[in-house]
Amino acid sequence: MNTTQCMQFEASLDQRPDGPWPEPAASHLDSCPQCRALCEELDAIRAAGRELGANEPEPPAHLWVLLRDQLDTEGLIRETNQRGWFAGWLGFSPRFAVGGACVALLAVAGSLVGFRSGSAPTMQLDRVRPNVSITGRPLTADLNKTLDGDLERVVASLSQKNAPLAMSVRENLGVVDNLIALCEKSVRENPDNPMAREYLYGAYEQKASLLAAAIDRSTLENR
Amino acid sequence: MSSDAVPTGPVARTRPTQTGELTEAEAIRRAQQGDAAAFERIYRLHGRRVYALCLRMVGNTAEAEDLAQEAFLQLFRKIATFRGESAFSTWLHRLSVNVVLMRLRKKTLAATSLDERNESDEESSGARKDIGGPDLRLSGSVDRVNLERAVQRLPPGYRSIFVLHDVQGYEHNEIASIMKCSIGNSKSQLHKARMRLRELLHEDERDRAREERHAAKGGSAGGHG
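Protein sequence lines, in the order shown, are assigned to chains W and S.
Take 1 as the starting number for the first sequence in my numbering and just add one per residue.
Take 1 as the starting number for the second sequence in my numbering and just add one per residue.
The shape of chain W in the complex, shown without the other chains (with noise of 0.2 Å):
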């Protein structure tokens, strides 16, 4: 092995052309196992790097719905199209028969917070007057345990047929469940907030979602 090659040869490394080598690095990597092992470690670097890109993890719903609060706290937002926000909860809970049933919990948990799932701009939400008080707990802790008794009876059927899959429901579900609980925090503290009631429907409708693409997976699963 000739040292002052080899580091002729690693300072070059840094420039490395995308393309095959050039003549006098190229006759060196012949002759030196060390620095073709070295630059075969490097390649292999690179190439378990490119696998870590190719698995991108997708970001958890609620980003999206702590980003519009600080959006709308900040009044950056002066225009709200709720259709368009509520699309991409529903994104992931394909079939009608089971949407339907989602409906209905959706308007149960719209009665409970007061607030109309039209396309009501924010602005006009504060002349919304809520339906029914939240003060405490039983109301929503009603509707919470409907949610959880049906999820718990689709989450156990999964798990005998795809328990990676029914674990990451029960994540999931954990981190609505946060989210319930910070929102219905939030609605207790500042009842007339209608901010604070969107963003508790939000989260109900994102729980409703999860038992609706629950539900789906279960019954493939079950075929």
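Hints were generated in silico from the structure; no laboratory data involved.
Only pairs whose alpha carbons sit at most 20 Å apart, straight line, appear in this in silico SDA-like list of lysine to any residue:
1. S:K187 x W:A47
2. W:K185 x W:M195
3. S:K187 x W:R16
4. S:K78 x W:D69
5. S:K187 x W:C39
6. S:K187 x W:A44
7. S:K78 x W:L71
8. S:K78 x W:T73
9. S:K180 x W:D14
10. S:K187 x W:G19
11. S:K187 x S:A176
12. S:K187 x W:E40
13. S:K187 x W:D43
Given chain W, put chain S in place with the hints provided.
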């Protein structure tokens, strides 16, 4: 917003038109007017990539969420000033990298007061030559978990370049634009990052081999005792 604020050139090319959905350029134009749906469209177009960048850089989902949120907030606060001189994705990624680096810098400063180290020392030591050095060869492929762990141990500057180039697939000219450095510098930093990663992976292998030897010794000593 006047029509001359509509981004042109790079922005218009960055995303294909999808039926029924806003193009990126249209979403930017509407977001500049405060349209909520346009904000969401931009988030849907770039959220995954920005979140992935943050996650690879900090290795922690909660912190990655926080950083991605901060990056988008900054983007939406400044979107009215975007005039399309550079590609929108480059602008967003520059902003995201800066948000992450600021956070890492704060962390490094906090750590410096504890262990008397600084990033520049760490980076220069990371580039040390090890010709004739490693006594173990990395096996044919690099384990993903080991690589992720090693990436987290890279100094922030190296980590940024490695994540942007090798993980997220950016070209050196794009990285040079995002990091505001020369293309040559980007190449050089990437090479140093890979060399440092190699060193860290070798350290891991040596540690594992040592532990296995100890375990074997312990086992045989236990057998005789």
